[in-house]
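Since the structure of chain U is provided, determine the placement of chains D and B on it from the hints.
These protein sequences, in sequence, are chains U, D and B. Going by my numbering, the first sequence opens with residue 577, and the numbers climb by one from there. Going by my numbering, the second sequence opens with residue 926, and the numbers climb by one from there. Going by my numbering, the third sequence opens with residue -11, and the numbers climb by one from there.
Derived from the structure by calculation, the hints contain no laboratory data. Any given hint could be a false lead.
Below are the DSS-like pairs computed for lysine-lysine, each with C-alpha atoms no more than 25 Å apart in a straight line [claimed, not checked]:
(1) B:K150 x U:K757
(2) U:K733 x U:K611
(3) U:K757 x B:K172
(4) D:K950 x B:K154
(5) U:K825 x B:K223
(6) U:K907 x U:K842
(7) D:K1032 x D:K1005
(8) U:K816 x B:K228
(9) U:K611 x U:K593
(10) B:K154 x U:K761
(11) B:K228 x D:K950
(12) U:K825 x B:K228
(13) B:K228 x U:K757
(14) B:K150 x U:K587
(15) B:K150 x U:K761
(16) U:K746 x B:K150
(17) B:K228 x D:K986
(18) B:K172 x B:K228
(19) D:K1032 x D:K950
(20) U:K816 x B:K28
These figures come from a predicted structure and were not determined experimentally.
Spelled out from the first residue to the last, the chains are:
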Amino acid sequence: MRRASWQEYQKDIADDKYYYARSCIRQNFFPGSEKAFLDILTNNLGIDIYDDPLHTSCTGIGYHSDVVPLETIMTVVARQFSLMAEAGYENFISSCITSFGIYNEVLATWEEFPETEERTRRYLKEATGRELVKPRSIAHTSDIMFHHRHAIARQAKRRLINVHTGEPLKVVEHIGCHYAKIFPKSGIGGSEFPYVLAGMIEAWGGDVVDYPERRHCCGFGFRNYLVQANRGSSIANSHKKLESMAPYKPDFIVANCPGCTMFLDKWQYAIAEMDGTTYGADGRGIPVLSYEEMAGLVLGYDPWKLGMQFHQVDVEPLLDKLGVEYSPEAKYLGPDGKHIGRPRDVAVNCEEVRRIYEIRR
Amino acid sequence: MSTLNFGYGINRPRAIDLDNNDLRKSNAIIAEMPELQACIGCGSCTASCTAGAITNFNFRKLHTAVRRGEYRGVYEELSKCMLCGKCRLVCPRGINTRGLVMLIKRKLGDF
Amino acid sequence: MAHRVVIVGGGAAGMQTALELKSRGIEPVIVERDIELGGKARGWYKLFPSFTPAGDVMRPLAERVKRERIRCFYGQEVTEFAPDGVILRSGERIPADAVVVATGFTLFDAHRKQEYGYGLYDNVLTSVDLERMMNSGAVTLADGSMPRRIAILHCVGSRDEKVCQKHCSKVCCITGVKQAIELKQMFPEADIFNFYMDIRMFGPGYEELYREAQERHNIHFVRGRISEAAETINKRIQIKAEDTLTGRPLRMTVDMLVLLVGMSANYENAELAKRAGLELSPNGFFRTVDSFLGAVRSQREGIFFAGAATAPKSLADTLAEASLTASAVDEYLKNSFNK
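If we strip away everything but chain U, and leave its shape as in the complex, we get:
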């Protein structure tokens, strides 16, 4: 296979016993994804994973926007590691790409500049009374999903195939910059042809779309969106990617970074408002999934239990292609069965809900 080079750069990933570090953004924008990750690992794969209520944000957002100093974030990172050791774990896995970059960067900095590690040990001791214990392995949660992709495939209820045509779905994979652009060898497949998401797509029956701007940043970058005046450059990058992938008519986008998943989804609405361009079949947008959602659908999870109603771009056309049974009425019901309210219609997805559901029938 020509694309075999995508599989170069493999890294050692622990098989079991993970300490889970959550993502600030995902807990708020894709809370179902982190829940799905824990459910899949625990219930489907029987893996020991610990979701520690004591751990905090890595403060990466503050660090990258210049309000959290290096010493502080190092100490926060050191605290997470010591919490892991106290809980009896040594394989640290991070749900966030920014955090993943931070953890790798901090460990590399300690390695290159041992005095910073010593200083961090002291700060950690003074501030919390804890001892720093470094993890045996660091992985991103998409690495973990990749690692178990064949086990998931064995339990699959459906594959990434259009049930109406029998064709594999065309999937755009988007990798967060800090997954492998800081340390290429920290990512499966390296930085140019990362295989982490492509491997899942292939294992579950889909086709990976290699489009010209595949490697381009989504434009998220904290400084870019935190300051309103900079958002024009942020959206321009997502716009560039969407324009570049559009001719391939992808069925959906899957991303492994909180920011990318959020922005590639939500910017589609902003772009539609700003210049009238809508992407995807019939201008309904290209659904953007997290890899947990993708895995969840493959394993037969209910889309609303996966939190897919939180998306900007409606996922129903994709669910129809996959042949997923779902209840349209249940979309806006909360866990307690009560109606949580429906978002107002916007420029994209402004058709009657009924009409959207009727595609490809």
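Frame of chain U, contents of chains D and B only:
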């Protein structure tokens, strides 16, 4: 179009886009003065430029941009040239730079 | 009885050294790893800057080696050499009075510059692939059609510490100019863009050819290095670079991207040098005594160099140096054995 005020728009790409730039003018200029392609970007023309000494006029950049099909503002910018001819004396590739100023202005007159 | 000199490598350097030694009454023995003589220049199309067919240079050399009945070992790899002989992979030892290392170079593997997609994208090729295509008489895109827009990228695997190749490979700039002209002659309607960091026209006639490419053939030279190449939906190649002379990023789509691959040191050099007690240069090529009077001598008496084993060199430089090597070997043999 947008009914909402986001407070920002989609920034336009800064890149020279050789797929969409109209290179016909540029090709016509090169056809008339093929030695222009022999420019090695030494900057002697800009270094010796009378206008460049007192304004941000940069002849090397300007004609390079023209060759890439970037014409916007070039005609107006070239009006800063005083046609003193010093640049032609120093050009190591023998490009008729003074003539080039006139050539570009003539070709881009309608831009 | 004639002195015997074993020459490791039967490329241009090895053959020329052998012929020169033979004319001086010395018995040369060539050990070639491949099954025939010729080295990297075999199968090359035309040589810069004169567009001389490579065969016109390489064929007479090989024929003369044959006519002079110079003994050649084929398909044999030298695993160790010393001033008194070489040892082959088979274990066989060939005794000698001196040894010439003419092991040449290894072509940079373009796959290592992953961002250019060599091996992944059909219409990304190396300068060597292009040369072979020209030699076979047909240059086309993967689908058989003719290119209308071609980009040639200089310094792939040269001057690039990301792939541990900090040196300049010397011959790629002029090769890029030569190939641009050849492509333009083949496809007069095509636009050709050479992306370069510096243009290094060090040899006789090179600068003149560069200027001819610019002025007569309208080749576009853009000062800037392509940062990444990606395939478009219709199998064209989208490239990004900076046009550093205007200070702006530049993007365009081309039908064909040619990567001018550099010269790397042979992987085996380290082990061979260690066993022979020699040193390597930081770029992995064999280190000579100096680059003046000792340019073909190693740190050990009786071991000499010829050609690109010590640094990237053009074919012309290699041939000139080989004569120098023969003369240095001759002098050494006279001084050491005929007292």
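Comparing the hints with the structure gives:
1. B:K150 x U:K757: holds (14 Å)
2. U:K733 x U:K611: holds (19 Å)
3. U:K757 x B:K172: violated (38 Å)
4. D:K950 x B:K154: Measuring from Cα to Cα gives roughly 40 Å; hence the hint is violated.
5. U:K825 x B:K223: holds (16 Å)
6. U:K907 x U:K842: Since the Cα atoms of U:K907 and U:K842 sit roughly 19 Å apart, the hinted pair holds (cutoff 25 Å).
7. D:K1032 x D:K1005: Roughly 17 Å separates the two Cα atoms, so the pair holds.
8. U:K816 x B:K228: Distance of about 13 Å is within 25 Å: holds.
9. U:K611 x U:K593: holds (17 Å)
10. B:K154 x U:K761: holds (22 Å)
11. B:K228 x D:K950: Given that 25 Å is the threshold and the Cα spacing comes to 23 Å, the pair holds.
12. U:K825 x B:K228: Holds, at roughly 24 Å.
13. B:K228 x U:K757: holds (18 Å)
14. B:K150 x U:K587: holds (20 Å)
15. B:K150 x U:K761: Distance ~14 Å between B:K150 and U:K761 Cα, so the pair holds.
16. U:K746 x B:K150: Measuring from Cα to Cα gives roughly 33 Å; hence the hint is violated.
17. B:K228 x D:K986: holds (19 Å)
18. B:K172 x B:K228: The hint holds at about 22 Å.
19. D:K1032 x D:K950: holds (7 Å)
20. U:K816 x B:K28: Given pair U:K816, B:K28 is violated - Cα atoms ~43 Å apart, limit 25 Å.
Violated hints for the displayed structure, listed by number in ascending order: 3, 4, 16 and 20.
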